[in-house]
Structures are given as structure tokens and as C-alpha cells.
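In case you want the letters, here they are:
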Amino acid sequence: MKKVTGIITWIFIILLSIITVFPFIYMVLGGLMSYAETTSIPPTIIPHHFHFENYVQVFHQAPFLKYFWNTLLTSSIDTVCVLITSLFAAFALTSLDFKGKKAIKILMISLLMVPSEAIIFTNYNTIAKWGLLNTYVGLFLPFTTSVFYIYYLNSYFQGIPRSIYQAAKISGANNWQYVWKILVPMSKPALTTVGLLSFIAGWNSFLWPLLVTNNDNMRLLNNGLANFASDGGAQTQLQLAAATLTVIPILIIYFIFRKQIIQGVTRDGLKG
Amino acid sequence: MKNKRRKNQWSAWWFLGPALLGIILFSVFPILRALVMSFQSGSLISMHWTGLSNYKYVIQDPYFAKALQNTALYAFTVVPIGMVISIAIAWNLFNRIKHSKFFEALFFMPYVTSTIAIGIVFRYIFNGQYGLLNYILRFFHLGTPNWLDNPSMNMITVIIFGVWLSLAFNIVILMSALRGIDPQHYTIAKMYGASDSEMFFRITLPQLVPTLAFLLTVNLINAFKVYTSIYALFNGQPGIAGSAMTAVYYIFNKFQVVGTPGVAMAATVLLFLVILVVSFLQNKLLNKVGRR
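These protein sequence lines are chains G and V, in that order. The first sequence begins at 32 in my numbering and counts up by one. The second sequence begins at 20 in my numbering and counts up by one.
Chain V on its own, in the form it takes in the complex (with noise of 0.2 Å):
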């Protein structure tokens, strides 16, 4: 018995080896790496120790505030609406349309398709002269903005295009947190005579209360490591004049334009406890919801 646990030992660890070496040089190291490199300054040849400075630097620099400041405002609206719109979306197809497997694969695809070429199309769609989006506002007689050249439009027009991408998830989730449901509430709930908006808010809302938390938290991680829709909105550009400067993108210019490796993982350091704090504050404030 001994002797044949010993055997499994060896065969464990043949059957972990690939995927831990992986796991260690690309996950782990990277990580300690990031977190010496933050207390470093110089070029990547040649690196040395300067111990808080970098730290000084970014916490005193406006931009990273700005970027910070757009993230937070980013994190803060996309989750919110997104999330309003894609329950509403989720609610009514379950609830009230057939075909509904139909309506949440049309509803998938922006999740699997790649934010750089959807955003040409966005890019497209928002031109000030020609886009498609200010024809419709003009033929209703509303306001026409400069969605991409103007610097205090910038962060609205990526607000716009975040809600639209984060829907996707979300309602693929919450469609399969409906079906979970059971359905005997329901019929139950209709027996004694309760309305739609009744059976919402007493049954289905309640129960969804641990797929919204998830949600809430996955939602805001991505919010707050948005890069990708703005390089593709802006042609690469932060928006006009870094007027939608995020926290990857100050840490993507600090570390690949600017060349200073130390000031980018400082700031690495810092979006991870950002993080970190968001997601733990937003767990207790749901606890705190879920207990009552």
C-alpha cells in the first residue's frame, strides 16, 4: 500500500509538471518580479534599487489621478447601467419571449469577437460628420456632439461603447440563473394572483442575489482594467489629448513608450490593490444586502 502510494506520488507530480512550470515561470515569477521591479528604476538592462520613488512618483503624478479618476468613473457607470440593462434584457426574454435561446445567442456575440475590430465599426458609426449615430440625432432634432474629437466628450463615447460590450456576459449569466429558478415558485405565485412586477421583486430578484454579486465583481475587475475599447475607439491614442487616459493605458505608455519599467509596475502595484479594495468593500456591502 505504502509502495503503491509512493508510485502515485511520482505520478502526480509527472502529471502536474508541465502545467506548474508554466504556472511558475509565467504567473508566479511575474508577479514577485513586478512587485521588485516597482521599488527599481532604470532601463529593463540595467535596473537598481531607489526603494519608494517610483511609488512618490505615481501617487504625485496628475495623470496617473487622471487615470485613476477615468477608470473609477468608467468602473462606476458601465457596471451600474450595464448591469440594469442586461437584468431588463435577461427578465423579458425569459419571461416573456419564446424563442429566447435565439435572442441570447444574437445577444452573445459581441463577447466573442474582438473589441479592436467592433470598435472600427464604433469608431464609424460615432463620426462627427458622417456617422451614422449623429444622422439619427439630427433627424430627431437632438443635440449632434463630437463624439471623437472632442476631449470632454471622450469618456462618454467610451462609457457608451463599455455598456454595449459588457452586456453580452452578463445576460448569458443571468439567463442561465433564471432557468435555475424553480419553477414551482412561480406557479405558485400565480395561483395566489401576484403580478409580473410582484413575481420579480419577490422572487426572482432574490434569488438572483449570489449571480449579481458575481456579476458585480467580475464587472468591476474588467471595468477597471478597460485598455483595449479606447486604443480601438481612438486609433491607438488615449483619446484627444489623453482626455481617456485609463490606469493600463498609463501603465502600457509608462512602461512601453516612456521606457520606465519601475514607474509602470508601481502603478501595476497600486491598480491591484485598487482592485483588490473595490472587490472587498463590494462583498461586504453585499453581505450586508444578502443578511437583511
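Chain G with its partners taken away, still in its complex shape (with noise of 0.2 Å):
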């Protein structure tokens, strides 16, 4: 009876992992076949012969390097910024004694209540107000704080006993020092968790870009992908090579740092 459950176990849990994996693998497959071998009945699942020069003709079609190019960078400066802002207010909020802390405190609570969706719009007004439509800074500018990144930091740093604060203080370090000298190398998981998400979810952002940028040399992976699957016509080959070159480059990070992003999800599993 016992070994009769477990084989039911194992089929369900292979066959639901077959189900969430499968996609990606048919993905990276389809991009490799040939226009026939998409479109045949039955379907093609390994291509009779890897047809690499899709991706050529990918890169050839649309500027794919210069939306990588762009997402590299706005992710990157994104993530940048949500870190030393962050740090820096956390650090306030957990540290520091002021006044009007805890108003700070409620009105950052509720605004995470507040979905994105609802001030996104308002947002795009901000940004083409101050003329920064297909920029650099339109891109990023909105996301260079993000009050959850700051509650996560200042949940992560309330662990850590104030009795190092006030040390590093008696010994004449001042609130800079100590910042960049003990706090940073002494909270670096939560940090690299908080730079881990803060760039997937700039890769993969997809509302904010198509809102603000109407230019092809400024699109966003993303925006440029389902743009060429609108645009490049019924090509289902290239469409997925396109989309297994999106994919890729986060799965690897994914894979090398899947402890990390686990932990920092399910450490206070919000985000979004």
C-alpha cells in the first residue's frame, strides 16, 4: 500500500514539473526548427536538424542587441538605485531617532496596499510632463525607490542588535562609517536578495516600458519581443528563439542564485 502511494506521488509531482518545465524546453526546441517542422501535424518536438540560423535571422529582423541593451541598463540602474535608497532609508528608519518616524512608518505600510497598476498611469503624466518620453531616465526614474525594498531592509536590519550601533558610535565612527562599514557587510543577504529581484522584475517589466517608450531604439526586451510577434508575421520559429533569448539570460541568473531569490521571496513573500 505504502509503495503504491509513493508511485502515485512521484507520477503526480513529474507529471506537474513536466507541466511547468516543458514550456521552457519547447520553447528553446522551437527556436530551433525549421517553419515546416512549427507548423507540422503532428506536432515536431526535437527538431530534425538545429536551425541556429533563426536566431541570425532574429537579430536581422529586429534590433534584439539594442533592446538587450536597453533592458541591461535601465535594470541595472534600477537596481543601483532601489539599493543605496533603500539602504539609506532603512537604515534611518531602524537606527535613527527622529521626528515623525512612525507618520513615515504608517504612510509607508499603506502605501504597499497601493497597487502599481493604479499610479502607473499617473506616472506616464509625470514623465512626459518633464518631456523624458523614449529616455533613458523616463525608463528608470520611477523605480529607483521602491517602499517595499525599504520594509524588507528595515525588517532584515531590526534583527540586528542595536547594541552594534551604539558601539560603532562610542567608538567615534559616525553614521556614514558605519553604514558602509558594518552595516552593509553584515546584511549582505538581504542585500543581494533586494538586487536580485529589483533587476528580474526590472528585465522583465513590461507595462511601464510599453507606456513610456514608442521608439524601437528604446524599446525593452520585452516590448520589442511582443512587438515582433505581433509585427513579424506568423514566423513561429523566430518568435521563439526570440523568446528563449529573454528568457535565457534571467534563467541562468535564476539557476546560480536560486537559494537567494527563494529565500528572499518566501522571507516576506510580497513584491509586485
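These are calculated hints, taken from the structure and not from any lab test. C-beta: ideal position from N, C-alpha, C; glycine also. Heads up, a few of these hints could be off.
[Stated by the list, open to error] Heads up, incomplete: computed chain V residues facing chain G, CB under 10 Å, no partners named: (1) Q28; (2) F34; (3) P37; (4) F122; (5) F126; (6) N146; (7) L156; (8) H160; (9) N241; (10) S262; (11) A266.
[Unchecked claim] If you anchor each label on the Cβ, the simulated ranges turn out as follows: (12) V:I64 - G:N258: 18 to 28 Å; (13) V:F158 - G:I279: 22 to 32 Å; (14) G:N248 - V:F159: 44 to 54 Å; (15) V:Q226 - G:I76: 35 to 45 Å; (16) V:Y211 - G:D128: 47 to 57 Å; (17) G:F81 - V:F158: 25 to 35 Å; (18) V:K75 - G:S107: 40 to 50 Å; (19) G:K130 - V:S216: 50 to 60 Å; (20) G:S194 - V:L304: 37 to 47 Å.
Hints are included, so try docking the two chains, each in its own frame, into the full complex.
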């Protein structure tokens, strides 16, 4: 009896992991098929012959290199800015006493409940007014701060004994030195998580860049990809190759840092 | 001492400054601005007051009703189905599988990858003629619906994709909650000869209630904001003939395509209220269940 349930469990888990992972595998394989193979009946699973030239054609048809560069640039700037602003703010909220601290904390917690879709359109308005449509600054500026990551780091910093801060002050360190020489080295895991999650969110962002860019040269990967899929006609194999290009960098990062990413999400799994 | 405190005050505002500036400009101001705009009409450059007319328009607009209806349908199917499947996976992984970390990493993949890219793959799999899904269905002599081109199938397709997308986050959160349950509970229960299902319903499930409540809230809020996955499945259209129109899609259309930001913001405020009411009711309901 125990053996039977064991086997059923394994079948269940394997079946569902196939359903989860298969689309990714199929995407990579489909990107290497010929057009005839992608539309054949019965469907082709493994291409007869790997058509790497699909990728050449994708780069030829749309400026994917430019999309890559745009995405890398904006997600990196977002990540660095978010790390710095959140680190400072979370430090102030944890270690320093000042008037209005409570009010700021309440403000942040209530902002956590507002869905980003509710403010994204008025942010578009601001960016348009400042003449920043179709610029890098317009793409990253609204995401240089994040209430969520401040909240996240704040809860992490609260786990660090206050006596460490006091000891640093007594030994003559100022706040600036404390942050960079003690707090940052001590909270590397939390900062890594914030950096990774922010970078992934930036890489996968879709609605915001769709709003603030309409110039092909300024598009980010996901918008370029969506556009490629609708304009490029029914060239399924090219669409799948382009999708693979978009997903692979993040999957590589994910498999290197999966422990930090999963831990980060479960520690305070809100995001979005 | 007093002097030191004052010094700290200045220092605190310096450290908070950059974040606060960003938050005020890009979180607080836009909320207030959205509220103001919902009472105004005209284009973005020249807006003027119109009182409640935007709200009247949105409430009477059959497309908005349809969008809300679709959004609610999506939320109330994807969330429970996704939760049940995730619980089944997490419990089995935790309880019976040795390499649970490996499988956990696999199940989490959809969470970190782009919905647009995966949507392209799903569009391919769902294709009515040469799609893999219909091939499998035909193989088992089941019906082969036209997932993408038949308007009455569109929401079902979106829901299937939505369930697939929702598993990743749920499983990872549930796994960490399951690992947090004191193993002594199980040891004792086993000593008294409890069966697997008894342990699940008597020990695991009650201990998971806070996690489930949290997941339910997050899932519901996310479900009410569904947008990108539909864009990906239908190539930038809200389904065939608008059959998969959802609330955020409606807002986007009114804002960007039609160019009536006032109407879009009124719809945004209404959607926000719906989300607030739903999460409030759900919390109340869970509190009642939890107290029992």
C-alpha cells in the first residue's frame, strides 16, 4: 500500500513538473526548428536539424541587441538606485530617532497596499510633462525607490542588535561610516536578495516601458518581443527564438542564485 | 544629549531624503493626481472639471461591466484552483519526496521569467491547428476546441494560463511554511498511529492557515490586476472581439488608446475600491473560520 501511494506521488510530481518545465524546453527547441516543423501535424518536438540561423534572422529583423542593452542598462540603474535609497532609508528608520518617524512608517505601510497599476498611468503623465518620454531616465526614474524594499530591509535590520550601532558610535564612527563599514557587510544576504529581485523585476517589466516608449530604439526586451511577435507575421520559429533570447539570461541568473532568490521571496513574499 | 539628538535628526532626514523624494513624486503624488483626474475630462494637456460624469460613464459602460465580470471570473477560478494544486504539490513534495529542493527550484521557474515570452510559447501550444495541446487531446479522442480564435473559449484559455502562472509563488511560500512546522507534531502523531491524511487535516492544514490567508490575499489582488498574460496570449488584443477584456486592460485602453485619461482614472479608483472590499471581506471570512 505504501509503495503504491509512493508511486502515485512520484507520478503526480513528475507530471506537474513536466507541465511546468516543458514550455521552457519547447521554447528552446521550437526556436531551433524550421518553419515547416513548427506547423507540422503531428507536432515536432525535437527538430530534425538545429536551425541556429533562426537567431541570425531574429537579430536581422529586429534590433534585439539594442533591446538587450536598453534592458540591461535600465534594470542595472534601477537596481543600484533601489539598493542605495532603500539601504539609507531603512537604516534611518531602524537606527535613528527623529521626529515624524512614526508618520513615515505608517505612510510606507499604507503605500504597500496600493497596486502599482493604480499609479503607473499618472506616473506616465509626470514623465511626459518632464519631456522624458523615450529616454533612459524616463524608463528608470520611477523605479529608483521602492517602499517594498525599504520595508524588507527595515525588517532585516531590526534583527541586528542595537548595541552594535551604539558600540560603533562610541568608537567614534559616524552614521555614514557605520552604514558602509558595518551595516552593509552584515546584511549582504538581504542586500543580495533585494538586488536580485529588483533586477529580475526590471528585466521583466512590461507595462511601464510600453507606456513611456514608442521609439523602436528605446524599447526594452519584453516590448520588443511582443512587438516582434505581432509584427513579424506567423514565423513561429523566430518568435520562439526571440522568446528564448529574452528568458535565458534570467534563467541563468536564477539557477546561479536560486537559493538567495527563493529565500528572499519566502522571507517576506509580497512583491509586485 | 539634546545636541546629539538634534544632530541625529538632521542626519536621519539626509538618509531618508533620496527615498522620500522618490516616494512622494512617484507614489504619493500619482495617487492624489489619479483621484483628481477621475473628476476631470479632456486630454492630458488640457483637463477641466466635470464632477462625477466619468464615474457615471464608467458605471454605465457595458464594456466596463464586462471587464469587471471577466476579472472576477478570472480571480474566483484561478485563485482557488491554483491554491488547491499548489497545496497538493507542496504537501507531496514536503512529505514524500527526497529531493524537494530540486523540484522546488523547477516549480519556481515561471515566477522569474517573462510572462510575455512564456505567453508566446503558450500561444503556440494552444494553437487550434498545429498546437501540441490539441494534438494530445485528439490522441485521447477528446474535443479540440479553438482556444485562441473562438471568443467563447478565450477566458478559459486565459484561466488555464493563469493557473499555470500562479503555482510557482504559492508552492515556494507553502514549502517554507511546511518546513516551519515543528516536526515533533508529526513524530507524536505517528506514535499514536495517525494516517497521512489525518496528519494533513489535523496538523498541517490548521498550522498553514496564516500562510493560506496571506497567499489568498496576494493571489486575489494579483488576479484583479491581470493584464500582461492576456496581452501575451492574444498578441496585444484583449481576446477576440474583446472577449477577454479585464479591468486593467480597460483602463489601459481608455488611457492610452482612446485618450480619455479621466475615464481611465475613474475606472482605476473603482478597481482599487473593488480590491479593497474583496480583501476586506476575505480577511473577515478567514477570521471567522480561524476563530472556530
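So, going through the hints one by one against the coordinates:
1. Q28: 5 Å, holds
2. F34: Because about 4 Å separates F34 of chain V from the closest Cβ in chain G, which is inside the 10 Å limit, the hint holds.
3. P37: Hint on P37 of chain V: holds, closest Cβ of chain G at ~5 Å, below 10 Å.
4. F122: 6 Å, holds
5. F126: Holds. Min distance 6 Å.
6. N146: 8 Å, holds
7. L156: 12 Å, violated
8. H160: 15 Å, violated
9. N241: N241 of chain V check passes; min Cβ-Cβ to chain G is 6 Å, inside 10 Å.
10. S262: Since chain G brings no Cβ nearer than about 18 Å to S262 of chain V, farther than 10 Å, the hint is violated.
11. A266: 9 Å, holds
12. V:I64 - G:N258: 18 to 28 Å: Cβ of I64 of chain V to Cβ of N258 of chain G: about 27 Å, so the range 18 to 28 Å holds.
13. V:F158 - G:I279: 22 to 32 Å: 31 Å, holds
14. G:N248 - V:F159: 44 to 54 Å: 48 Å, holds
15. V:Q226 - G:I76: 35 to 45 Å: Distance hint for Q226 of chain V, I76 of chain G holds at roughly 42 Å.
16. V:Y211 - G:D128: 47 to 57 Å: Cβ of Y211 of chain V to Cβ of D128 of chain G: about 53 Å, so the range 47 to 57 Å holds.
17. G:F81 - V:F158: 25 to 35 Å: 27 Å, holds
18. V:K75 - G:S107: 40 to 50 Å: 46 Å, holds
19. G:K130 - V:S216: 50 to 60 Å: 57 Å, holds
20. G:S194 - V:L304: 37 to 47 Å: 44 Å, holds
Going down the numbered hints, you'll see the structure goes against 7, 8 and 10, while the others check out.
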